[in-house]
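With these hints in hand, go ahead and build the complete structure from the sequences.
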Amino acid sequence: EIIPVLSPTKEFASAGLWTSDLKVLNKLTYKGIELAEKLFFLETYKLSKKLKVKKSQHDLAISLVSPALLKRPHDWPANSYVVGPWYQERIEELSPEITEFIDRKDTIYAGFGSMKKKNPEKLARTIIEACKELDLQLIINRGWGGLELPNLYKADPSIRFVAGISHAKVFPKVKAIMHHGGVGTVHAALRAGTVSIIVPFIVDQPWWADRLNRLNLGPKALPLRKFTKDNVMKRIIETTKYQDNVKNIANLMKQDNGVNMTLDLITKYLTK
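Under my numbering, think of the first position of the sequence shown as -2, with each following residue one higher.
Keep in mind that the hints were calculated from the coordinates and are not lab data. Every value quoted in this text rests on a predicted model; they were computed, and no experiment measured them.
Derived CB-CB ranges, DEER-like: (1) His71 with Thr225: 37 to 45 Å; (2) Val200 with Asp72: 19 to 27 Å; (3) Lys24 with Pro220: 24 to 32 Å.
Keeping only pairs whose Cα atoms sit at most 16 Å apart, straight-line, the calculated EDC-like set for lysine to aspartate or glutamate is: (4) Lys172 with Asp241; (5) Lys68 with Glu8; (6) Lys226 with Glu126; (7) Lys7 with Asp72; (8) Lys166 with Glu97; (9) Lys102 with Asp132; (10) Lys172 with Glu235; (11) Lys231 with Asp132; (12) Lys217 with Asp227; (13) Lys226 with Glu130; (14) Lys231 with Glu130; (15) Lys102 with Glu130; (16) Lys20 with Glu8; (17) Lys166 with Glu90; (18) Lys170 with Asp100; (19) Lys166 with Asp100; (20) Lys113 with Glu145; (21) Lys68 with Asp18; (22) Lys24 with Glu8; (23) Lys226 with Asp132; (24) Lys269 with Asp56; (25) Lys170 with Glu94; (26) Lys129 with Asp103.
Where a beta carbon is used, it is the ideal one built from N, C-alpha and C, also for glycine.
Now the structure itself:
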């Protein structure tokens, strides 16, 4: 599982909610997943027959979340594990032009991945105006069209607009990262040692924003309904107080070995 939803626990709520902690109600939040499993029981039964494995509830649950970010709950069953994310080894280098741009001055990165809402130019303009007010440069990653560069700023020397860029290469070099809060981007930002400003759109993204804030790894989520220049500026300014904590967790995450641990667990499960 890419996000923690399969194994109920009292220690945190199921990912997919607006919060990662509902106290005594945490364990109840997993009932929705159990219902979904029952709805698809026939399909999973057919698949288990085809693969010649027994179908029982959660024979093996592997969470691809860094143990530094999500410690294994004490009340999880023995067959549930937290192993860390899978990282791609082949990384595209930054262009010399982007590298020189970042080296020139403190820079903010903004990109919403595959997320897209109405008025992508308005969102980009709000970020640009906030960065200009704070005398910061800006890299805008268009992604799937979640951000579009307004014509007014297309020749602005303090802005770079890209259609895609290596997170692993650019994240360690920027002052802060504004993104949608997808689990992959959350891990990439933490691994880079750079603070996230999360603007959640759907599903588990509010959960991750809340999780980071509770762990003192980033400011509170910035909802789209409150996406103003002043609020963007406020979040950027707030990132400085989380920087040391994020640097510390980045060092811990260097020990993650999600791919090998996953392969070992699956091999042991299939051969037992």
